[in-house]
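As given, the protein sequences belong to chains E and D, one line each in that order.
By the working numbering, the letter at position 201 of the first sequence is numbered 201, and the numbering carries on one by one without gaps.
Count along the second sequence from 1, add 1000, and you get the number used in the working numbering.
Hints are computed from structural coordinates only; laboratory data are not their basis.
Glycine is no exception: its CB is placed at the ideal position from the N, C-alpha and C atoms.
Be careful, since some hints might not be right.
[What the hints assert, rightly or not] Below are the DMTMM-like pairs computed for lysine to aspartate or glutamate, each with C-alpha atoms no more than 20 Å apart in a straight line:
1. E:Lys56 <-> D:Asp1161
2. E:Lys187 <-> E:Asp217
3. D:Lys1165 <-> E:Asp155
[Unchecked claim] Which chain D residues face chain E? A few, computed with CB under 8 Å, are given here:
4. Lys1109
5. Leu1155
6. Ala1156
7. Glu1162
8. Phe1163
9. Leu1166
10. Gly1168
11. Val1169
12. Ser1213
13. Ser1215
14. Met1219
15. Gly1262
16. Leu1263
17. Phe1265
18. Arg1268
19. Lys1269
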Amino acid sequence: MNHPIIDVSGLSFSYNGTPVLSDVSFRIHEKEFVALIGPNGGGKTTLIKLLIGLLKPRQGHVQIMGKTPGQVAGQIGYVPQDLNINKSFPISVMDVVLMGRLPFSRWTGLSKKDTAAAISALESMNMLDLRDRKIDDLSGGQRERAFIARALATDPKILFLDEPTANIDSRGRSELFGILKELNKTKTIIVVSHDTMVLSSYVTAVACVNRSVHYHDNAEITEEMLEMGYHCPVDIIAHGLPHRILKTHGNE
Amino acid sequence: MMIEALQFEFMRNAIIAGCFASLICGVIGTFVVVNRLVFLAGGIAHAAYGGIGIAFFFGIPYMLGTLGFSLLAAMVMTAVVLKSKHRADTFIGIIWAVGMAMGIILLDKTPGYNVNLMSYLFGSILAVPNSDIWWMLGLSVITLFSASFLYRDLLAISYDDEFAKLRGVPVNLIYFLFIGLIAVSIVIIIRVVGLILVIALLTIPPYIAEKYSRSLAMMMALSTMLAVFFNITGLWLAYAYNLTSGATIILVAAAGFFLSMGLDFLLRKSRTDYQNL
Ligand SMILES: Nc1ncnc2c1ncn2[C@@H]1O[C@H](COP(=O)(O)OP(=O)(O)OP(=O)(O)O)[C@@H](O)[C@H]1O
Ligand SMILES: [Mg+2]
């Protein structure tokens, strides 16, 4: 078996003494499409921030391509959950997307390559004609697309998306998942989403996140969860979801 | 009448000082406003009074004492802000008061000190010595250079510092650098409008400019122009009607602020009226 692209072992984290994740271990392989699901406050956002190195684990470690997240930050694309940061800030859509190309050489500034990457990212999200708009003047769904374009401008090997569909209408949703599926041909994708129905036909693995993480490769779930009625020792709320995924999957 | 006033060196110095102060306010004030650092800037301004006290008490040059102490206070505040963003205000409030109290006691105890305290509270733009003009020139150059050299980093940090960190921008370092520049700017602008009013000059122009700007650079340029306008108009009114210059400049800026708010309101109203027709 080839090396995992993400390797998490014995990971624990707490905010000021309140434990949020404890003893989490799993591995994600290249070009997987992983859905993180779980109840509000279950720790999905925290887990993603630990994976990309924005938070430091209290115990255990995260390795990405055999290195620390900080060392491979250039290969990571990230779409945060909260897009309402800094309302009324004077910044254009294009400048937001260009942030995905940071850091620039401070002497020469933006290169043609940076601009081209930002434009093609905007194009793939169908946002090119809005590039000179102020980000504050966009609708929620348009802003979401702009932030996904910012992550794509990096041309990352691994793409993390934290609830990217929360603000997007149903047509936009399947469109977005279509784009992600296309990107999945070359990239590993990790997405937090409550759209389990839509997701079920795309994902290769599901992780239930609720204090602990239960990681299921597709094959594993079908057998264990459907036939043997296996129950993860997690909260009922977290729990209903993977079963449903499975049912739709099995009935198809 | 303004022309006639220009033959006096003090008037020429005042205008030059006003322009430099405006440039610094435009650039640094924009950073203060978009990063919601107004309270921190207020803390630095009042802590600077402690620096003024130290400078007089120990007989060190005004700029050196004030700059040194304000920078120190600013660095401590930055460290606290970076450690706990939402709990920092109490701490800033304490440094704010301690700096001010220290300044008052030290000036009390300075033998033979009888300089008008008011000139530090409300500024003395009409008595800016040539040496200060050189300080201002140097610091304006440093400010402009840093802002343009680090423009993309500043933009990223101000808009989304978490993402900037992820992309490998040295967020904390740049934060310290820029809050240091805020401290330096404040010390300079205290010369013009005094420490009570420095916050107004630092924040009113960027606040007005923010609504009409599509980028940070445009906001900086627009604030600078507004600040120059407020400074010169204020100076002219102060000269013509024999008013305290610092206070006049601030009142002009405040008038500009309310005017822009009113204009905004009317524009929005006329637009909705039009839609309701
Ligand atoms: N900055 C923080 N400081 C303290 N506690 C936090 C912080 N961020 C999150 N928490 C707590 O950690 C727990 C996990 O939060 P997290 O944001 O990871 O959940 P989530 O699974 O992403 O939830 P949601 O579905 O609502 O986005 C919650 O109980 C939350 O209250
Ligand atoms: Mg979350």
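Checked hints:
no., hint, in the structure
1, E:Lys56 <-> D:Asp1161, "17 Å, holds"
2, E:Lys187 <-> E:Asp217, "18 Å, holds"
3, D:Lys1165 <-> E:Asp155, "17 Å, holds"
4, Lys1109, "43 Å, violated"
5, Leu1155, "7 Å, holds"
6, Ala1156, "5 Å, holds"
7, Glu1162, "6 Å, holds"
8, Phe1163, "6 Å, holds"
9, Leu1166, "6 Å, holds"
10, Gly1168, "5 Å, holds"
11, Val1169, "5 Å, holds"
12, Ser1213, "4 Å, holds"
13, Ser1215, "6 Å, holds"
14, Met1219, "5 Å, holds"
15, Gly1262, "19 Å, violated"
16, Leu1263, "17 Å, violated"
17, Phe1265, "17 Å, violated"
18, Arg1268, "14 Å, violated"
19, Lys1269, "19 Å, violated"
The earlier numbered hints that this structure contradicts are 4, 15, 16, 17, 18, 19.
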